[in-house]
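J.: Here's the letter readout for the chains.
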Amino acid sequence: MRPDDPTDLPPDDDVPAPDAAADATERARAKAFAELIDKVVAGRPPAAVPSEQQELLEVATALRASVRPVELGASRRSAIVESALAAAIDRRAGGHGRVSASLPVVPIGRAASRRGGRTPWLIAATTSLVAAAALTLWLRDRGAPHAAPPAPATAAAAPLPLELRSRPADPLVGAIPAERAGAALDRIDTIYADRLDGFRARTMSGGLR
Amino acid sequence: MTSLTLARAWTRRGRAAVGLVVVALLALAALAACEASDDGRATAPPAGRVTQVTQPEDGIDQPLMIALSQAKNFHHKAKVYMSDGKPDLAIAAVRGVLAVTFPAGAPEAEDVRADARALLAKLLLAQGQPDAAMSEIDAGLAAATRESFFVANLYTVRGEILEAQAAKLDGATAPDDVTRSRELKRQAIVAYDKSIAINEALQRQLMGHP
Chain A
1 MRPDDPTDLP
11 PDDDVPAPDA
21 AADATERARA
31 KAFAELIDKV
41 VAGRPPAAVP
51 SEQQELLEVA
61 TALRASVRPV
71 ELGASRRSAI
81 VESALAAAID
91 RRAGGHGRVS
101 ASLPVVPIGR
111 AASRRGGRTP
121 WLIAATTSLV
131 AAAALTLWLR
141 DRGAPHAAPP
151 APATAAAAPL
161 PLELRSRPAD
171 PLVGAIPAER
181 AGAALDRIDT
191 IYADRLDGFR
201 ARTMSGGLR
Chain B
1001 MTSLTLARAW
1011 TRRGRAAVGL
1021 VVVALLALAA
1031 LAACEASDDG
1041 RATAPPAGRV
1051 TQVTQPEDGI
1061 DQPLMIALSQ
1071 AKNFHHKAKV
1081 YMSDGKPDLA
1091 IAAVRGVLAV
1101 TFPAGAPEAE
1111 DVRADARALL
1121 AKLLLAQGQP
1131 DAAMSEIDAG
1141 LAAATRESFF
1151 VANLYTVRGE
1161 ILEAQAAKLD
1171 GATAPDDVTR
1181 SRELKRQAIV
1191 AYDKSIAINE
1201 ALQRQLMGHP
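Taken in sequence, the protein lines are chains A and B.
Residue 20 in our numbering sits at position 20 of the first sequence, with consecutive numbering throughout.
Whatever position you read off the second sequence (first residue = 1), add 1000 for our numbering.
Excised from the complex, chain A in its bound form:
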């Protein structure tokens, strides 16, 4: 350990070791915090949140925002585009490129109506270009090997497939006829083989999750 290593912190008795199994208290705390996040994400935040949870909540919200794309509203998108167009027109006219308050911003819809004669061709050309670009991208993606691993956030949120989970053996065994009432050996063999398949699939697909 280096003396200036920022991770070289004094041991904290309250913080369990990284590989230590979570005890019941820790799991209960995690469950309660998960429910809190669910409420906040669903737009139903509680009236009061303890200060220590408030900090964690902010971190969780920031993490969630960083892994999810933000969609702008239609009006906001429109405003940004119009502003950019106005700036470009201003620059072309010898201005400094900024939209001045005195410069009237012509709405896209009205401007388009003035150029009515070229509208069909503009729309056709733009749409064709977009379609061609999208098609090219799609074909390129299809041809390329899928080497990218799944995003960690998605992997964490995905539920474990049924065949990899501990579960009742009823669907596997089916109804037990009276003449097979004592054939427990056959049934345990079946259950064991099935669960072994699941265990292997779980361990060989990137380790236990």
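Any given hint could be a false lead.
[What the hints assert, rightly or not] Subject to a maximum C-alpha distance of 25 Å in a straight line, what follows is the list of computed SDA-like cross-link-like pairs (lysine to any residue):
| id | chain 1 | residue 1 | chain 2 | residue 2 |
| --- | --- | --- | --- | --- |
| 1 | B | Lys1072 | B | Gln1127 |
| 2 | B | Lys1079 | A | Pro177 |
| 3 | B | Lys1168 | B | Arg1186 |
| 4 | B | Lys1077 | A | Asp194 |
| 5 | B | Lys1122 | B | Glu1200 |
| 6 | A | Lys31 | B | Pro1103 |
| 7 | B | Lys1122 | B | Glu1147 |
| 8 | A | Lys31 | A | Ala62 |
| 9 | B | Lys1086 | B | Lys1122 |
| 10 | B | Lys1072 | A | Met204 |
| 11 | B | Lys1086 | B | Glu1147 |
| 12 | B | Lys1086 | B | Val1100 |
| 13 | B | Lys1086 | A | Asp189 |
| 14 | B | Lys1122 | A | Ala178 |
| 15 | A | Lys31 | B | Leu1064 |
| 16 | B | Lys1077 | A | Tyr192 |
| 17 | B | Lys1079 | A | Leu196 |
| 18 | B | Lys1079 | A | Ala193 |
| 19 | B | Lys1077 | A | Leu185 |
| 20 | B | Lys1194 | A | Gly174 |
| 21 | B | Lys1077 | A | Glu179 |
| 22 | B | Lys1185 | B | Ala1172 |
| 23 | B | Lys1079 | A | Glu163 |
| 24 | B | Lys1122 | A | Gly174 |
| 25 | B | Lys1072 | A | Glu163 |
| 26 | B | Lys1079 | A | Asp189 |
| 27 | A | Lys39 | A | Val59 |
In case anyone wonders, no lab produced these hints; they're calculated from the structure.
Assemble chain B onto chain A, guided by the hints.
T.: Frame of chain A, contents of chain B only:
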């Protein structure tokens, strides 16, 4: 004249432009459909809760596999003892299944133990111990937390035990024995009916007919 020519020219151009737009939109729609079908194959994230994650105890893990392996070995031991004419040792081996430690909350544990109790009861009944056999059935039913084919099987074996006890009284002339035999047969039918009812309900449930 000139205006008519221009109008015709514009109409032709307009049609061509509209045709291009339609072609482009169709291409985009096809692309969107392909993307949508890709999404359909992928595992969709759970709806509702963003923090829904698999708990470690939900998955098939090493402790569960070890427990199942031990139960399997005890059953094989019992089979060898039975084929060797040693029913007492076979019974002891099946009791070993009941002593296996499963991960807490593993549904397989309840199924495997119920099945071992059913086999144990049959072995005890074959050894002429109907009361001990019935005790195993009662213990298995008392431990059940849900209805399953294994619980139904316990009721089936319960019916067999009652039927065997009633059969012992067949031909008896004492009024008490006759009454007892009749009661045992009635209870056997109740047990079989219960087994049938559980099986039917579970099969409906598994086939998607609640």
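J.: Hint by hint, note whether the structure agrees.
T.: Outcome of the hint check:
| no. | hint | result |
| --- | --- | --- |
| 1 | B:Lys1072 <-> B:Gln1127 | holds, 23 Å |
| 2 | B:Lys1079 <-> A:Pro177 | holds, 20 Å |
| 3 | B:Lys1168 <-> B:Arg1186 | holds, 15 Å |
| 4 | B:Lys1077 <-> A:Asp194 | holds, 21 Å |
| 5 | B:Lys1122 <-> B:Glu1200 | holds, 23 Å |
| 6 | A:Lys31 <-> B:Pro1103 | holds, 21 Å |
| 7 | B:Lys1122 <-> B:Glu1147 | holds, 21 Å |
| 8 | A:Lys31 <-> A:Ala62 | holds, 19 Å |
| 9 | B:Lys1086 <-> B:Lys1122 | holds, 15 Å |
| 10 | B:Lys1072 <-> A:Met204 | holds, 24 Å |
| 11 | B:Lys1086 <-> B:Glu1147 | violated, 33 Å |
| 12 | B:Lys1086 <-> B:Val1100 | holds, 22 Å |
| 13 | B:Lys1086 <-> A:Asp189 | holds, 22 Å |
| 14 | B:Lys1122 <-> A:Ala178 | holds, 12 Å |
| 15 | A:Lys31 <-> B:Leu1064 | holds, 24 Å |
| 16 | B:Lys1077 <-> A:Tyr192 | holds, 16 Å |
| 17 | B:Lys1079 <-> A:Leu196 | holds, 22 Å |
| 18 | B:Lys1079 <-> A:Ala193 | holds, 19 Å |
| 19 | B:Lys1077 <-> A:Leu185 | holds, 10 Å |
| 20 | B:Lys1194 <-> A:Gly174 | holds, 17 Å |
| 21 | B:Lys1077 <-> A:Glu179 | holds, 22 Å |
| 22 | B:Lys1185 <-> B:Ala1172 | holds, 14 Å |
| 23 | B:Lys1079 <-> A:Glu163 | violated, 29 Å |
| 24 | B:Lys1122 <-> A:Gly174 | holds, 20 Å |
| 25 | B:Lys1072 <-> A:Glu163 | holds, 20 Å |
| 26 | B:Lys1079 <-> A:Asp189 | holds, 13 Å |
| 27 | A:Lys39 <-> A:Val59 | holds, 15 Å |
Comparing the model with each numbered hint stated earlier shows that hints 11, 23 do not hold.
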